[in-house]
Amino acid sequence: MNLWNAITIGFKEIYANKFRSLLTMMGIILGVSSLVAMSALVKGMENGMKEALVAIGGLEKVRIEEEDIPAWQQHLADQAVGCTMNDVYGLQQSAPLVKLITPEMRMRPVLLSKGGRNFTPWNLMGTWPSALEMNEHVVQYGRMFNDLDNEFSRNVCVIGSSTRDALFGSPEKTGREINPVGESILINHQPFKIIGMFQHYESEQDRKMRAQAELLNQQGGTNKSKVNPSSANRRGSSYVFELKNSTVYMPMNTMWIKFKAGGGTNGVPDPRLSGVSVKVRSIELFELALQQARNVLMSTHKGIEDFTFRTQENWSESISASIKNARMSGGIISAISLLVGGIGIMNIMLASITERVREIGIRKAIGATFFDVFVQILVESVVIALIGGLAGLFTSNLLVKLLVVISPTDNTPVITFESMLMAFGSSVAIGIIAGFIPALKAARLNPIQALRYE
Amino acid sequence: MALVELRNVSKIYHLGGEEIRALDDVTLDIDAGEFISIIGPSGSGKSTLMHILGCLDSPSKGTITLDGTMIHNASARQLASIRNQKIGFVFQFFNLLPKLNVLQNVELPMIYSGISGKERKERAMAALKLVDLENRSKHRPMQLSGGQQQRVAIARALVNSPKIVFADEPTGNLDSHTGEAILNLFYKLSKEGRTIALVTHDPEIAAVTPRRIEIRDGKIAKNVDNKLAGLGGTSKFVIKE
Ligand SMILES: Nc1ncnc2c1ncn2[C@@H]1O[C@H](COP(=O)(O)OP(=O)(O)OP(=O)(O)O)[C@@H](O)[C@H]1O
Ligand SMILES: [Mg+2]
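Top line first, the protein sequences correspond to chains G and A. Going by this note's numbering, the first sequence opens with residue 1, and the numbers climb by one from there. Going by this note's numbering, the second sequence opens with residue 455, and the numbers climb by one from there.
Careful: at least some of the hints might be erroneous.
When the alpha-carbon atoms are kept at most 25 Å apart in a straight line, the in silico DMTMM-like pairs for lysine to aspartate or glutamate are as follows [claimed, not checked]:
#1 A:K592 with G:E359
#2 A:K583 with A:E488
#3 A:K553 with G:E359
#4 A:K540 with G:E65
#5 G:K260 with G:E65
Covered stretches of chain A (in silico footprint by chain G; criterion: 3 or more residues with CB under 8 Å from a CB of chain G, positions within the stretch not fixed) [unchecked claim]:
#6 527-536
#7 545-557
Since the hints were made in silico from the structure, they are not lab data. All of these numbers come straight from a predicted model, not from anything done at the bench. Idealized CB from N, CA, C, for every residue including glycine.
Work the whole structure out from these sequences, hints included.
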């Protein structure tokens, strides 16, 4: 008997017991669709995280920060200077694997005011123009300050959209986009001129939601307030974009001279930096570049290890860990439902061969071999699993849509081809495993006893 | 050499320490083209003999040769192939598959011998014509009378052109009129040159066949040539020559 005949027989048998077969398939359908849906959710999560990682400067970015002096160097504590511009110049000269270097000087507390409105941005610092490239910023209005502004320590600043929203009003509230370039604001009571504004950063999902909301507002002006994107569900990675929007940059020298004068000694303003951001030339040379930077810093810090490297690796590691967890729990749930589905198939196949002992006896009496019967029963079980698997792939799409409606997330679930292939493959594998014992049992039947069976 | 050669065949069952000799040292030859009946009281071992002859069961002792092949020590796979190619089996309870139609039932043995769909259909229709049921090919077995069902079963037994047809009480489940028709069919098939062995406990049926083997308690009691014994034609059944 060839395989095609076995498959035809399998289909007929399943069609003859439509309802029973459908119930049996249910387990596989649920298993496959939950597997696909879970991996779609995880994939969406992953995409969102990657997006956020790029937004904060990518994996190549490393921050050099001050760190407590290790215990064995405590006696040198009074020699430690922390991060200074010396580090920056040292790296520029002696660390060729580092392609971008930006000093960062922050202050606390910070208060911005314009008219009656006050705002404390999350991320205010004095830096170099290269901060633009370092932190993947895009200027929407005006310009970034340049070396000249830095040289003359001009009171100019470039702000993010949240700062604009807080001091001048957001487009959602005022109904129009306000360009703050040219305006004057006070930063800790000193007048500053806004010379540029970054674009508004948001996740893919937020962008979509906003576009949708705008469309809705255009269509029916009556229910205008119904969808408010800024109050929409914000979870997961979108805080990254929130922080990025809350940036205020001023020239390095401006910060140093105008705000750090009080903290210094001998009339020189406090030269300590909050940190130095660097970008390595390529991710393949990451470790090497780090080593190079460490050597330079060891010399500029006179051998005192009062600095540390903060890489995004920790961040991306914790992301991969949480993704792994999500994948694992999703996988376990799906595996359990697939297992239950497989048990269901095995159960129904065992019942089915008990019902058909006589049929199997007849088939054997007229020449069916062990192999013929084995294949027939196995194919039947695989066909059930196969149909269940296909149906599961179909329902997984619906399930994902349903999940999005029930719990909106930051990240659009993405159904991948691999996950579909994987789920379908495991349904077929389950069909084979579940059918194996019943098929073996049927194939082993003695024809005489089978024919006597009532 | 005879088509079927049984030498000292025994079938022994063990039931709770007790030994049941369903067949006890049976030696028997069936030549090609013969039409024989096996008769005996209930429990005498007729079915057991038939199953062993039909390669459905294996003997405890002794040797069997069918068409030159030794089957007493053949593998399960070889036995399946012999059942498929060389043997046609007709059962008392027809044993058709209820979910398949008449044509599909007759096609079934050919599915296991790997014959293509087109040829299967042609040969199945030819076999159905032989038993006069070609106009019922699309019916389900349940939609046919007992006699018609048995004719379908005979068509199925013949469809792979076997060397020998075994029938275990083929009329046992039919009324005497229908039984007579089936008997006539076997007679016709025998006249066409087929080798047939049928089991019965009805002497009237046994009287129709040219040779009659009587078994009692698993032993061959008599091996009678009806023609030589002058018993031919004494049956109540009318055979249309
Ligand atoms: N599987 C078995 N286990 C034990 N004993 C068996 C088995 N099969 C048959 N027998 C015994 O073998 C003997 C012969 O049985 P068999 O079925 O061949 O008789 P039979 O001549 O066909 O009878 P009937 O005319 O009633 O069909 C009986 O005594 C029966 O009890
Ligand atoms: Mg019997």
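Against the structure, the hints:
| no. | hint | in the structure |
| --- | --- | --- |
| 1 | A:K592 with G:E359 | holds (20 Å) |
| 2 | A:K583 with A:E488 | holds (23 Å) |
| 3 | A:K553 with G:E359 | holds (10 Å) |
| 4 | A:K540 with G:E65 | violated (90 Å) |
| 5 | G:K260 with G:E65 | holds (18 Å) |
| 6 | 527-536 | holds (count 4) |
| 7 | 545-557 | holds (count 5) |
Hint 4 from the list above is the single one not met by this structure.
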